[in-house]
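Student: This is what each chain is made of:
Number of protein chains: 2
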Amino acid sequence: MNEKVNLADAFAKVDAPFRPLIVARLNDHKVMVAKVRGEFVWHKHDDTDDFFLVLSGRLTIQLRDRDVIVEAGELFVVPRGVEHCPRADEDVELLLIEPLGTVNTGDAVESELTAAERDLDDL
Amino acid sequence: MNEKVNLADAFAKVDAPFRPLIVARLNDHKVMVAKVRGEFVWHKHDDTDDFFLVLSGRLTIQLRDRDVIVEAGELFVVPRGVEHCPRADEDVELLLIEPLGTVNTGDAVESELTAAERDLDDL
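Just so you know, the protein sequences line up as chains A and B, in that order. Going by this note's numbering, the letters in the first sequence line up with residues 1 to 123, in that order. Going by this note's numbering, the letters in the second sequence line up with residues 1 to 123, in that order.
Chain A with its partners taken away, still in its complex shape (with noise of 0.2 Å):
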């Protein structure tokens, strides 16, 4: 974790859509590289906002009164406890930052989606 992450580099091996991988810690959070297409699940986090900077596609972040649509190049900061559904309608690389531990779908949604942290390191 003392290097530099060359983000091509991570996302190349990122496997599947919607498991993010580790790339970094800073402080007590988890900086995530993630893969995304197609819908993933409504769900919140009561104790921590949710970080997604778009880096190539264009991400819906919908909330329940409205959507946001993320560009590459463009970031959103979903706030604690609001609930959100991501869909992405063509591939889309995201960088992610919540705090170690946080699940991906959330304080009460268990899914298939539900992801266990990996670590780029690991692979």
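Some clues are possibly wrong.
No copy is singled out in the list; a pair is fine if it fits within one copy or between any two copies.
Claimed, not checked - Once the Cα atoms are required to be at most 27 Å apart in a straight line, the calculated BS3-like pairs of lysine-lysine come out as:
1) Lys4 / Lys30
2) Lys13 / Lys35
3) Lys4 / Lys44
If you're looking for bench data, these hints aren't it; they were derived computationally from the structure. Everything numeric in this text was worked out from a predicted model, so none of it was measured.
Knowing the structure of chain A, use the given hints to seat chain B on it.
Tutor: Chain B in isolation, oriented as in the chain A frame:
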């Protein structure tokens, strides 16, 4: 702060090197854009790691025992307590993340490069 951030638009509002602009908050952390050119100042943060993502250009993060060359599309986290001095031999655009309240020049250094926290929404 409840809207998405277009990084190109945010960089267009950065008016001076080494003067970061807060574009979002993530829990107790601030997400900033910064342009740098030239050499910063040796400093460290005893209580926090220091996140650098290079969006354009090439940044040299000088550590006491080595240089880390961070290119566009690469990130590096300087661990807490580690002295570092970023240097940009060309124009570099960065995304930075640190806890709110962190002084850019570190714990012990007051210099002409010490910058107040400034918020994109306040410009």
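Student: Now tell me if each hint is right for this structure.
Tutor: Results of checking the hints against the structure:
Taking identical chains as interchangeable, the C-alpha atoms of lysine 4 and lysine 30 lie at most 27 Å apart whether they share a chain (15 Å) or sit on different chains (21 Å). With identical chains, the CA atoms of lysine 13 and lysine 35 are at most 27 Å apart within one copy only, with a shortest distance of 10 Å there and 30 Å across copies. When the C-alpha separation of lysine 4 and lysine 44 is checked against a cutoff of 27 Å, the pair qualifies only between copies, where the shortest distance is 18 Å, while the shortest distance within a copy is 31 Å.
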